[in-house]
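We have chain B already, so just place chain W on it with the hints.
One line per chain: the protein sequences are B and W, in this order. Heads up, the first sequence stops at 496 in the working numbering, and the numbers go up one at a time, no gaps. Heads up, the second sequence stops at 496 in the working numbering, and the numbers go up one at a time, no gaps.
The hints are simulated quantities; they were obtained by calculation from the structure and are not laboratory data. Predicted model only: the values in this text are computed from it and were never measured. Mixed in with the good hints, there may be bad ones.
Said to hold, decoys possible - Beta-carbon label-pair distances, calculated as ranges:
#1 B:Thr461 x W:Val4: 55 to 63 Å
#2 W:Phe378 x B:Leu7: 54 to 62 Å
#3 B:Leu7 x W:Thr461: 52 to 60 Å
#4 B:Asn133 x W:Gln224: 54 to 62 Å
#5 B:Tyr439 x W:Lys10: 38 to 46 Å
#6 W:Lys119 x B:Ala491: 38 to 46 Å
#7 B:Tyr439 x W:Arg67: 18 to 26 Å
Note that CB positions come from ideal geometry on N, CA and C, so glycine has one too.
There are 2 protein chains.
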Amino acid sequence: MFEVAELGHKVSKAEYLEKVPKLRTQLLDLQRQLSIEDCSVIVLISGVDGGGKGDVISCLNEWLDPRFMRTNAYDSPTDEERDRPEFWRFWRTMPPKGTIGIYVGSWYSEPIAQRVFNKTDDAQLQKQLNHINQLEKELADDGTLIIKCWLHLKKDQQKKRLKQLEDNPDTAWQVTDRDKKHLKKYDSFVAVAEKVLKVSSSAQNPWLIIEGGDYRYSSLMVGQQLRDQLQLHLECRQQEQANKQQRFTLPDVGGHQLNVLDALDLGLQLNKKTYNEQLNYYQGKLNQLVRLAQAKKISSVLVFEGWDAGGKGGAIRRLTHALDARNYEVISVAAPTDEERKQHYLWRFWRHMPRAGRVTIYDRSWYGRTLVERVEGFASQDEWMRAYSEITHFEEALTEHGIVLLKFWLHIDPDEQLKRFKEREQISYKQHKITEEDYRNRNRWEDYSLAVNDMVARTSTQAAKWTLVEANDKRYARIKVLKTYCDKLEATLAAL
Amino acid sequence: MFEVAELGHKVSKAEYLEKVPKLRTQLLDLQRQLSIEDCSVIVLISGVDGGGKGDVISCLNEWLDPRFMRTNAYDSPTDEERDRPEFWRFWRTMPPKGTIGIYVGSWYSEPIAQRVFNKTDDAQLQKQLNHINQLEKELADDGTLIIKCWLHLKKDQQKKRLKQLEDNPDTAWQVTDRDKKHLKKYDSFVAVAEKVLKVSSSAQNPWLIIEGGDYRYSSLMVGQQLRDQLQLHLECRQQEQANKQQRFTLPDVGGHQLNVLDALDLGLQLNKKTYNEQLNYYQGKLNQLVRLAQAKKISSVLVFEGWDAGGKGGAIRRLTHALDARNYEVISVAAPTDEERKQHYLWRFWRHMPRAGRVTIYDRSWYGRTLVERVEGFASQDEWMRAYSEITHFEEALTEHGIVLLKFWLHIDPDEQLKRFKEREQISYKQHKITEEDYRNRNRWEDYSLAVNDMVARTSTQAAKWTLVEANDKRYARIKVLKTYCDKLEATLAAL
Numbered sequence: 001m002f003e004v005a006e007l008g009h010k011v012s013k014a015e016y017l018e019k020v021p022k023l024r025t026q027l028l029d030l031q032r033q034l035s036i037e038d039c040s041v042i043v044l045i046s047g048v049d050g051g052g053k054g055d056v057i058s059c060l061n062e063w064l065d066p067r068f069m070r071t072n073a074y075d076s077p078t079d080e081e082r083d084r085p086e087f088w089r090f091w092r093t094m095p096p097k098g099t100i101g102i103y104v105g106s107w108y109s110e111p112i113a114q115r116v117f118n119k120t121d122d123a124q125l126q127k128q129l130n131h132i133n134q135l136e137k138e139l140a141d142d143g144t145l146i147i148k149c150w151l152h153l154k155k156d157q158q159k160k161r162l163k164q165l166e167d168n169p170d171t172a173w174q175v176t177d178r179d180k181k182h183l184k185k186y187d188s189f190v191a192v193a194e195k196v197l198k199v200s201s202s203a204q205n206p207w208l209i210i211e212g213g214d215y216r217y218s219s220l221m222v223g224q225q226l227r228d229q230l231q232l233h234l235e236c237r238q239q240e241q242a243n244k245q246q247r248f249t250l251p252d253v254g255g256h257q258l259n260v261l262d263a264l265d266l267g268l269q270l271n272k273k274t275y276n277e278q279l280n281y282y283q284g285k286l287n288q289l290v291r292l293a294q295a296k297k298i299s300s301v302l303v304f305e306g307w308d309a310g311g312k313g314g315a316i317r318r319l320t321h322a323l324d325a326r327n328y329e330v331i332s333v334a335a336p337t338d339e340e341r342k343q344h345y346l347w348r349f350w351r352h353m354p355r356a357g358r359v360t361i362y363d364r365s366w367y368g369r370t371l372v373e374r375v376e377g378f379a380s381q382d383e384w385m386r387a388y389s390e391i392t393h394f395e396e397a398l399t400e401h402g403i404v405l406l407k408f409w410l411h412i413d414p415d416e417q418l419k420r421f422k423e424r425e426q427i428s429y430k431q432h433k434i435t436e437e438d439y440r441n442r443n444r445w446e447d448y449s450l451a452v453n454d455m456v457a458r459t460s461t462q463a464a465k466w467t468l469v470e471a472n473d474k475r476y477a478r479i480k481v482l483k484t485y486c487d488k489l490e491a492t493l494a495a496l
Numbered sequence: 001m002f003e004v005a006e007l008g009h010k011v012s013k014a015e016y017l018e019k020v021p022k023l024r025t026q027l028l029d030l031q032r033q034l035s036i037e038d039c040s041v042i043v044l045i046s047g048v049d050g051g052g053k054g055d056v057i058s059c060l061n062e063w064l065d066p067r068f069m070r071t072n073a074y075d076s077p078t079d080e081e082r083d084r085p086e087f088w089r090f091w092r093t094m095p096p097k098g099t100i101g102i103y104v105g106s107w108y109s110e111p112i113a114q115r116v117f118n119k120t121d122d123a124q125l126q127k128q129l130n131h132i133n134q135l136e137k138e139l140a141d142d143g144t145l146i147i148k149c150w151l152h153l154k155k156d157q158q159k160k161r162l163k164q165l166e167d168n169p170d171t172a173w174q175v176t177d178r179d180k181k182h183l184k185k186y187d188s189f190v191a192v193a194e195k196v197l198k199v200s201s202s203a204q205n206p207w208l209i210i211e212g213g214d215y216r217y218s219s220l221m222v223g224q225q226l227r228d229q230l231q232l233h234l235e236c237r238q239q240e241q242a243n244k245q246q247r248f249t250l251p252d253v254g255g256h257q258l259n260v261l262d263a264l265d266l267g268l269q270l271n272k273k274t275y276n277e278q279l280n281y282y283q284g285k286l287n288q289l290v291r292l293a294q295a296k297k298i299s300s301v302l303v304f305e306g307w308d309a310g311g312k313g314g315a316i317r318r319l320t321h322a323l324d325a326r327n328y329e330v331i332s333v334a335a336p337t338d339e340e341r342k343q344h345y346l347w348r349f350w351r352h353m354p355r356a357g358r359v360t361i362y363d364r365s366w367y368g369r370t371l372v373e374r375v376e377g378f379a380s381q382d383e384w385m386r387a388y389s390e391i392t393h394f395e396e397a398l399t400e401h402g403i404v405l406l407k408f409w410l411h412i413d414p415d416e417q418l419k420r421f422k423e424r425e426q427i428s429y430k431q432h433k434i435t436e437e438d439y440r441n442r443n444r445w446e447d448y449s450l451a452v453n454d455m456v457a458r459t460s461t462q463a464a465k466w467t468l469v470e471a472n473d474k475r476y477a478r479i480k481v482l483k484t485y486c487d488k489l490e491a492t493l494a495a496l
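Here chain B stands alone, though its shape is the one from the complex (with noise of 0.2 Å):
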């Protein structure tokens, strides 16, 4: 595949300096089109060393419009990146919508240098870009246009390229070690990375293969490459708000479908005395396995969800009592700052990820998506139906960094929502935690049960599953969240 750039491509210096004025014109009207636009722009520079990524880089940064646009290099990750998922790195840098994102080494350098180093073998390597398309693709949906260029050398062009780099005193910096090892494994790189491009060609998502020997031809290549990428994207994206429309009709299923939380009894109770007893316990020994994980780097995000008043608060600060206040974080979801909505909608959760060791603590979580923002319509169907498995691979990225990760969703009856509130509204400092919403949102049970039935049906997978929790009496509630995240912990660290 990488024939049609061995070709030698040039372009003169007339015909550039004809061209370039024309297309930076072009390049400025649609960055100004697309500050307003509720989308962004990933610009991916990959290629083999030697093969100009600096200078298209150069251009497009003397080109665009320095407000809507940022170049992010990636080297040797740092101790905090180490921390945290794989795309923590990635997702921390993602261009906010109405700018251009310009990637120099990106999701691909990593997985093409690792296998090209017998590092992972081919199943590794497959994986990993399973990984990369689904983020791709989440990042397609949320209307991000991603322009991924390749740029291409032949063997004996990288070689005498990186000869005259060395040559010329003021170039030479940029021929490194690391340049002359890849130079030496040149055939399996290539090898590899057609693999990769092949791969990872979607219709929506294609490489451009272009040829690196001459800076004025890949530069213009790569900028008329935005510039008409660009352009169709903001047309489509007109056209696709003008008639955006359901792709999935959700089944009718009358009153006859059973809900999974209608199968929990919400008679199991505990008495005082067995509670205080067992609260002991397992404070104690949450108290050092918590410790125990945190020796071992093990970091544990424990998501809360649950009706109103289905006790989220007293369970946590049970757990809470447990740990040590310099350890763990109990993060309450609110309201998505502006720079959080100019991004995918998993951003915000991305951004407060812990480092290793700790714990996190999520009242309220990324499951809004598919609860209030679907029942209350602030997410379309098409968005919601989406989150399921973006929310699947989210997690799954979690779980295989090795974080312990559970999700408790605290179920009552509406007989005894009612009974809380009416008790809230009497101890002083409970009176804030009700308003009118909380008596609003009685009226819509039913579509929050369906929202529930669906939420655990599509997401409770092997590695996160739910744990469904009996709370109309809050002593039970309390001592099976505790007795599970300590039975998750405990098998955890036995399988180390």
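Just chain W now, with coordinates in the frame of chain B:
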């Protein structure tokens, strides 16, 4: 000064259980008031090891509404933190307005430990304390309430407490080798702490010394202190808002003041041939110098300010042309996002602090406060007057960290500006740069000149001098910028 915290203060369980619910209600109430205010709260929990910092923080975590608070724990700096000025790690986690940040371990921890273990001397400690005082003053000026709590224990109590913790398998983990090492240094630790607490207690931000042997006592003390200070703070804020007044009258200079800009010779120019020669020469030289600097992990921060159409963009492009695109970033300063608006105005510049070895170019900068915000009245006189000292301290933090800092003002006269506006309107890819606002700003030329003069007078320091660039001739200006940067880098490298 610690005697008052060696008297054996205790709170009975009964008293504690009686007082806590009321305190919680009050704290939650105040938090709700705070959440709509334009200010934030910082609570530092420091003190001797075994003083029960963890217990106090656990209590605060349980009492406060987690939506409006966050606990920050500091361990050894990460490599991303070591690559940046010392206070970056604190700036990055500052509580947004409307919220409370609880700090366990803070800007005091390292300076105290370093002095105790003789890694610094008294003079160095004093310097660190000056920086801390400045930081706290800036935060307080910005409306932040800072509550500093020191948990004290007598030496034999500390010994006993550590032994108790160690003997209980559930708590032994809390005692680290570091604690034992510190215990041996108790006397010297207390001596240094006393000194630090004395120097860093101001009428606005005093230390509160609390006996740490009984968690009920210390938690109640901290909680009540937080309640009382916050209440007072909110009341005072309202009064201050009501009778906001200027605290300094600007001198009425009439037409008599000479302006530093008027002293520039705008006739300076270069012919095309000399320009091209020098451009090549300095770009080549700069490329080499920047690579040397990168190898030594020396970063550069270049600030460009100047009249509209003064030629900032062109000068920046001539400069970046000599750099590796992977190693620099151009930051165009735009309006702050809402996350940025919820912080001290310098926060958005701290947050983008480059890692060691990189070049960051600001197209407009933190000086906006003293220029456009002053002239257009977006900042009050008190705010922009204060900004001069805030900025010089900020820049001192950069230069003390070894960053090469250069600040350019590109100066043209009104006729030249008008000529350039007209030219821009003719060139397709420059049209977007001209707006009505540019013409409007011309009417305020005198006000801006005065602001520039004051800015130079108050912020051109030995470590961070302003370079005023005669820019009526673009060629002359571009070479002056390049040469200035080269000279500065050369001198810095020679001095290593």
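request  = Mind checking the hinted window 52 to 60 Å against the Cβ distance between B:Leu7 and W:Thr461?
outcome  = Between B:Leu7 and W:Thr461, where Cβ atoms are some 58 Å apart, the hint holds.
message = I want to verify a distance hint. Is the separation of the beta carbons of B:Tyr439 and W:Lys10 within 38 to 46 Å?
response = holds, 45 Å
message = Holds or violated: the 18 to 26 Å window for the beta-carbon distance between B:Tyr439 and W:Arg67?
response = Taking Cβ atoms as reference, B:Tyr439 and W:Arg67 lie about 20 Å apart, which means the hint holds.
task = Determine whether the Cβ-Cβ distance between W:Lys119 and B:Ala491 falls within the hinted range of 38 to 46 Å.
result = holds, 44 Å
inquiry  = Between the beta carbons of W:Phe378 and B:Leu7, is the distance compatible with 54 to 62 Å?
reply    = holds, 57 Å
request  = For B:Thr461 and W:Val4, compare the CB-CB distance with the range 55 to 63 Å and indicate the outcome.
outcome  = Distance hint for B:Thr461, W:Val4 holds at roughly 57 Å.
task = State, for the Cβ atoms of B:Asn133 and W:Gln224, whether the hinted interval 54 to 62 Å holds or is violated.
result = holds, 56 Å
Figure legend: structure checked against the earlier numbered hints; every hint is met.
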